Structure formats: structure tokens, C-alpha cells
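Residue numbers (the UniProt record's numbering): 1 to 424.
I should point out that these hints are in silico values taken from the structure, not numbers from a laboratory. It is possible that some hints are incorrect.
List of simulated lysine-lysine pairs, DSS-like, C-alpha gap at most 25 Å [said to hold, decoys possible]:
#1 K233 with K172
#2 K89 with K172
#3 K89 with K140
#4 K232 with K377
#5 K81 with K140
#6 K69 with K81
#7 K69 with K90
#8 K140 with K90
#9 K89 with K69
#10 K233 with K90
Simulated restraints, written as ranges between beta carbons of each label pair [what the hints assert, rightly or not]:
#11 R129 with E300: 20 to 30 Å
#12 G119 with S208: 48 to 58 Å
#13 N127 with E300: 31 to 41 Å
#14 P167 with K232: 17 to 27 Å
#15 E300 with G222: 41 to 51 Å
#16 Q289 with I347: 17 to 27 Å
#17 H171 with L396: 41 to 51 Å
#18 G206 with H171: 19 to 29 Å
#19 N118 with L179: 26 to 36 Å
Given the structure is predicted, the values throughout are model-derived calculations rather than measurements. Even glycine gets a Cβ: it sits at the ideal position worked out from N, Cα and C.
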Amino acid sequence: MRALLFLKPSPGPSVIEQLISLVLQQTEGSEKSGGAVSLQLTLISHGLDPILSSQDSPPIMSSASPCPKPPANGFVALARKVYNPIGFKKGYNFTLFVITAGGMMGFTLARMMYLNFNGVFCNPEHNSRALPGECYYFQKGTARIGIIMHLAGIIPAGFLACLQFVPIIRHKAILFHRLNGYLIVLLSVVGIIGVFLIARRTFGGGVSMQTVSGTGSLMFLGALALAIYNIKKLQIEQHRAWMLRAWVYAGFIITMRIIGYLAAMITAESNYYQVKQCAMVDFIFRHDQNKVLGFYPGCEGYYSGENPGLSVLVHASITAHQPAEISAGFTSVFDAGSWLALAIHAILVELYLHLTPAEAERLRRISYQRQLESGMKNAGNAGTTVQRLGDAEPWLPPTHSQPTESSIRPSSDENIRRKSESAA
1 MRALLFLKPS PGPSVIEQLI SLVLQQTEGS EKSGGAVSLQ LTLISHGLDP
51 ILSSQDSPPI MSSASPCPKP PANGFVALAR KVYNPIGFKK GYNFTLFVIT
101 AGGMMGFTLA RMMYLNFNGV FCNPEHNSRA LPGECYYFQK GTARIGIIMH
151 LAGIIPAGFL ACLQFVPIIR HKAILFHRLN GYLIVLLSVV GIIGVFLIAR
201 RTFGGGVSMQ TVSGTGSLMF LGALALAIYN IKKLQIEQHR AWMLRAWVYA
251 GFIITMRIIG YLAAMITAES NYYQVKQCAM VDFIFRHDQN KVLGFYPGCE
301 GYYSGENPGL SVLVHASITA HQPAEISAGF TSVFDAGSWL ALAIHAILVE
351 LYLHLTPAEA ERLRRISYQR QLESGMKNAG NAGTTVQRLG DAEPWLPPTH
401 SQPTESSIRP SSDENIRRKS ESAA
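Turn these sequences into a full structure, and let the hints steer you where they fit.
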């Protein structure tokens with residue numbers, strides 16, 4: 001019996017169908033006769049020629065590295081021409097990248113104009129200005145410094161972070177990836193310091209809003225710190241996981257605005273109210289005392305100087321025709337929308353990490369090799385791995401190399417003989 005079998009079909013059923021039928025008949029015949037029947041004779045009796053050359057027909061076994069799956073349709077073929085050149089191998093990864101990184105990039109580009117603080121962000125004449133009354137607290141002092149730090153830090157950081165998740169940049173432009181990463185971390189820290197400075201006043205400044213701002217900021221900074229720690233320990237899969245967490249947490253500010261707008265639309269006709277200082281209401285109406293007193297006569301004590309810190313109730317409705325109620329309509333729901341958005345993002349990133357264990361395992365093997373080369377002890381288990389910090393079973397590197405083409409293809413008459421004896 002020759003080492004390598006190739007099949008030449010006779011007229012009738014396909015080669016695969018004949019081969020399946022052949023194996024079944026061979027097994028049944030072997031059981032009845034109590035001995036091994038020659039596979040070659042059976043092939044001949046069924047009209048299949050065992051030949052020695054691979055020039056006439058393809059081999060039974062494919063190579064060890066399978067060819068890429070052919071595209072299911074023209075759209076998939078076109079999509080591969082788009083995402084393969086930038087390093088993506090799987091369509092779902094590219095789709096998620098477009099949704100998440102694309103959303104972040106679009107959001108930051110749309111907010112770049114806010115770097116012109118007085119000309120756009122706090123310009124009451126500009127259509128893309130901040131919420132009515134939002135800049136009342138940002139005119140001077142710590143709050144002004146904080147909002148400028150936040151805008152100047154987090155907007156460019158969010159844009160540059162999107163480039164870090166492009167595979168071809170990570171693989172082909174390693175120096176850029178590292179330098180860009182350090183710049184992003186620096187800008188992010190500046191931006192988050194700004195958040196802490198403005199949390200008391202931003203989006204209404206309520207206790208709930210201050211809490212969610214602080215929670216989201218600490219989660220973001222903590223994830224960034226753990227990502228840096230893990231890459232310093234050459235634990236690449238943990239660096240990937242924590243960096244994904246960091247920027248998915250940061251992205252909740254986009255979802256927060258979507259949820260907040262929808263909630264404001266829902267509550268527009270309800271009897272929700274916000275407490276606002278008369279000084280802010282006066283700022284919203286551009287110091288028009290008559291107009292303010294027409295809407296809120298309770299502010300008379302503010303203008304008389306009797307009570308400079310006087311506050312009034314403002315109806316929350318974004319469908320109203322005066323700016324104070326529109327502002328209250330948004331600030332009344334932003335804290336709830338922020339908590340919901342943060343929870344959604346925290347859950348979804350863990351779900352994604354749970355569903356991509358193969359990529360984590362691949363990166364862990366690379367980490368193991370690099371840690372070995374650097375002389376680290378207990379290679380593969382550094383950083384924040386559960387084996388190092390928890391009670392998980394020890395992670396062991398693969399002890400066997402991947403099967404080669406020769407090891408998975410019939411290579412001798414002895415292999416055929418053993419299979420025949422096993423079937424018998």
C-alpha cells in the first residue's frame with residue numbers, strides 16, 4: 001500500500017460520497033470477516049484508482065494552515081478589500097471598530113470647535129454653544145481653568161486613542177503606537193483633572209451628577225493605570241483588556257448624551273422642575289431684568305440685593321420657548337442618563353472580553369515568549385493575571401508545537417495498516 005492516496009472519480013457519485021460509502025463498507029466487511037481487508041483492493045473494486053502523483057487530482061488531506069474562507073457574497077468581498085489592508089482579519093471586529101472608535105472619532109471631531117472657548121463654547125450667539133447657563137460658572141476662577149483643561153485634554157486624547165486600535169498601526173508602526181500612547185495618557189490625565197474641577201457645576205452640579213462624574217473618571221484612570229502596569233510587565237493580553245475597558249468607560253459620555261436627549265423628550269410634558277439660582281437665570285436671559293421677572297417674579301429679591309443667592313423653580317421642558325426651561329429639561333435627566341450609560345458600557349466591554357478568549361490566549365502566548373526572553377520568572381503569569389492574584393489553576397504554555405502538514409497526512413504503509421487493524 002502506498003503512503004499517499006489520491007482519488008480519481010469514476011462516473012456516478014462524487015469522490016466524497018464514494019469515499020464515505022467505502023469507509024462504511026470497509027468497516028462492516030472487516031467486522032464480519034474478522035480480519036483487515038485491503039483498502040487498496042476495495043478502492044479498485046469500487047472504481048477508484050489509487051495513484052501516486054498529485055498532478056491529476058488534489059490530496060485527501062488539506063494543509064495544516066487552512067486557506068481563508070471564501071467571501072459569501074460580493075458585499076463581503078468588497079468589505080474585505082476595505083478592512084484587510086488596515087490589519088483586520090475578521091469582519092465583526094471591523095464592524096465593532098467602526099461603531100465604537102468611529103463614534104468616538106466623530107464625537108471628538110465635532111467637539112474640536114470647543115477648543116475655541118470664548119468664540120464657540122461660551123458664545124451665546126453660536127449655534128453649537130454649551131447648554132444655556134452652563135457657562136455662568138465658567139467665566140472665571142477654578143471652574144474656568146477646569147473646563148479648559150478638560151476640553152484641551154480629553155478631546156484630542158479621544159481622537160488619538162482611536163488610532164491605537166487600528167491593527168496595522170500596532171504591528172507596523174510600533175514606535176508611533178508607543179509614543180502616541182504616552183501622549184494619550186498625559187492628555188487624559190489633564191482632562192480628568194479638569195473633570196474634578198468642574199464636577200460641582202457641570203450639567204446642573206447635583207450630587208448624583210457629581211458622583212457619576214467622579215466614578216466614571218476614577219474607572220477610566222484606574223483602567224489606564226492597570227493597562228500601563230501590564231504592558232510594563234509584558235503581559236500583553238491584560239494590557240489589551242484594560243485599555244479596552246478604559247476607552248469603553250470613557251465612551252459613556254457619548255451614550256449619556258443620547259440617553260439624556262431621549263429622556264428629555266419623554267419628560268418634556270411632565271411636571272419636572274429644577275432649582276436654579278436667579279443669578280444663573282439672569283445670565284441665561286442676558287441680564288434682561290424685565291424678562292426674568294416676567295417669567296420668575298420670585299427673583300425680585302435678587303435684583304433688589306436683599307438675597308443675592310436666591311433660587312427659583314424652573315419647569316424642565318426642552319420643548320419650551322424660553323432657554324431657562326430648555327436648560328432645566330436637559331439637566332434634570334443627565335444624571336440618570338449618565339449612570340445608565342456607564343452601566344451599559346461597563347457590561348458590554350466585559351461581554352466582549354468574555355467572547356474573545358482566543359485572542360487573549362494568542363496574546364498570552366506572545367507574552368510568555370517575551371517574558372522568557374527578558375528573563376522573568378513564572379513567565380506568562382505576570383501583571384494582573386488571575387493566576388498571580390487569584391486562585392485559578394496555573395497557566396501553562398503550550399508544550400507541543402502545531403501539527404505540520406507531514407504529521408497530519410498519511411505518510412506510510414504502516415499508518416494504513418494500523419488503521420485497518422483498528423477497524424478490524
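48 to 58 Å was suggested as the range; check whether the CB atoms of G119 and S208 agree with it. violated, 32 Å
So the hint says 41 to 51 Å: do the beta-carbon atoms of E300 and G222 match that? At roughly 49 Å between Cβ atoms, G222 and E300 fall inside 41 to 51 Å, so the hint holds.
Agreement of K81 and K140 with the hint, judged by alpha carbon distance not exceeding 25 Å: violated, 52 Å
17 to 27 Å was suggested as the range; check whether the CB atoms of P167 and K232 agree with it. Distance hint for P167, K232 holds at roughly 22 Å.
Could you say whether the range 41 to 51 Å given as a hint is met by the Cβ separation of H171 and L396? About 27 Å separates the Cβ atoms of H171 and L396, which means 41 to 51 Å is violated.
Given the hinted pair K89 and K172, is their Cα-Cα distance within 25 Å? Roughly 15 Å separates the two Cα atoms, so the pair holds.
Could you grab the alpha-carbon distance between K69 and K90 and see if it respects the 25 Å cut-off? holds, 11 Å
With a cut-off of 25 Å on the C-alpha distance, tell me whether K89 and K140 pass. violated, 51 Å
Is K140 within 25 Å of K90, Cα to Cα? violated, 50 Å
With a cut-off of 25 Å on the C-alpha distance, tell me whether K69 and K81 pass. Holds, at about 14 Å.
Mind checking the hinted window 20 to 30 Å against the Cβ distance between R129 and E300? holds, 29 Å
Note whether the CB distance of G206 and H171 lies within 19 to 29 Å or breaks it. violated, 46 Å
Checked against the numbered hints above, the structure breaks hints 3, 5, 8, 10, 12, 16, 17, 18 and satisfies the rest.
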